[in-house]
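S.K.: Following the hints, position chain B against chain A.
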Amino acid sequence: GENVEQHPSTLSVQEGDSAVIKCTYSDSASNYFPWYKQELGKRPQLIIDIRSNVGEKKDQRIAVTLNKTAKHFSLHITETQPEDSAVYFCAVGLGNEKLTFGTGTRLTIIP
Amino acid sequence: DVKVTQSSRYLVKRTGEKVFLECVQDMDHENMFWYRQDPGLGLRLIYFSYDVKMKEKGDIPEGYSVSREKKERFSLILESASTNQTSMYLCASSPLTGPQRNEQFFGPGTRLTVL
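So the protein sequences, as listed, match chains A and B. For what it's worth, our numbering labels the leading residue of the first sequence as 1, then goes sequentially. For what it's worth, our numbering labels the leading residue of the second sequence as 1, then goes sequentially.
The reader is advised that the hints may include incorrect statements.
What the hints assert, rightly or not - Using 25 Å as the maximum straight-line C-alpha spacing, the simulated BS3-like pairs for lysine-lysine come out as follows:
{"hint": "1", "chain 1": "B", "residue 1": "3", "chain 2": "A", "residue 2": "42"}
{"hint": "2", "chain 1": "B", "residue 1": "70", "chain 2": "B", "residue 2": "57"}
{"hint": "3", "chain 1": "B", "residue 1": "53", "chain 2": "B", "residue 2": "70"}
{"hint": "4", "chain 1": "B", "residue 1": "3", "chain 2": "A", "residue 2": "37"}
{"hint": "5", "chain 1": "B", "residue 1": "53", "chain 2": "B", "residue 2": "18"}
{"hint": "6", "chain 1": "A", "residue 1": "71", "chain 2": "A", "residue 2": "37"}
{"hint": "7", "chain 1": "B", "residue 1": "70", "chain 2": "B", "residue 2": "55"}
{"hint": "8", "chain 1": "B", "residue 1": "70", "chain 2": "B", "residue 2": "3"}
{"hint": "9", "chain 1": "A", "residue 1": "42", "chain 2": "B", "residue 2": "13"}
For the record, the hints were derived by calculation from the structure and aren't laboratory data.
One chain only, chain A, in its complex shape (with noise of 0.2 Å):
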């Protein structure tokens, strides 16, 4: 099946630097890959997701890039701010609907 790996499992940043997340796959035939966030106590949401037919999708201070020839996706997050503290979980996804989720990343802004 399917393998995925996230990597830092945490990350700490000052508040107004950037964040960056990454996550590798095995199985090349998988064309969606979603990012989860956490926030401590509360159910995971979708922020952000991307398509095999596109190579990068922005939306305001995040960011997602996917690389399918090496098989790896990262989450950028710009002008970190106190909100962004939470954990993230990227996933990965083939046409069934099922998704694998990565180990997730503890991200935590430094005011």
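M.R.: What follows is chain B alone, placed relative to chain A:
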């Protein structure tokens, strides 16, 4: 607004008990999922369902079963609870078609403790 609800936020059970976790979604989604979330392991898929009465095993189905008798309801069953099933259980649903296809909407979670 999509709403996914779970029957309990916190549950404490004894080893060997049969445990039912209920999930209900109100958006007519075809797909429903059960995950468990453990520190450092992320979200691991237990079972999922594409339609009423249909189910497929996820990555960690051992010790669990599911039931989907109605489209909006997906139940997770622990036949004989064990201490290693102490975890946070998350239910999710997603539509089969439309602009939100693939996007999974999660419930608030059930924190299950097995003593």
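S.K.: Quick one, are residue 42/A and residue 13/B close enough, alpha carbons at most 25 Å?
M.R.: Between residue 42/A and residue 13/B the Cα gap is close to 23 Å, so the pair holds against 25 Å.
S.K.: Please verify whether residue 53/B and residue 70/B have alpha carbons no more than 25 Å apart.
M.R.: Holds: residue 53/B and residue 70/B sit about 8 Å apart, inside 25 Å.
S.K.: Against the 25 Å threshold, does the CA-CA distance of residue 70/B and residue 3/B hold or violate the hint?
M.R.: Within the cut-off at roughly 16 Å; holds.
S.K.: Is the hinted pair residue 3/B and residue 37/A satisfied, with a Cα-Cα distance of at most 25 Å?
M.R.: holds, 17 Å
S.K.: Hey, residue 71/A versus residue 37/A, does the alpha-carbon distance stay inside 25 Å?
M.R.: Roughly 22 Å between the alpha carbons, so the hint for residue 71/A and residue 37/A holds.
S.K.: Has the given pair, residue 53/B with residue 18/B, been kept, meaning a C-alpha gap of at most 25 Å?
M.R.: The hint holds at about 21 Å.
S.K.: Does residue 57/B lie within 25 Å of residue 70/B when you go C-alpha to C-alpha?
M.R.: The hint holds at about 19 Å.
S.K.: Run the distance test for residue 70/B versus residue 55/B: straight-line Cα separation, threshold 25 Å.
M.R.: Holds, at about 13 Å.
S.K.: Holds or violated: residue 3/B with residue 42/A, Cα cutoff 25 Å?
M.R.: holds, 14 Å
The earlier numbered hints are all upheld by this structure, with none contradicted.
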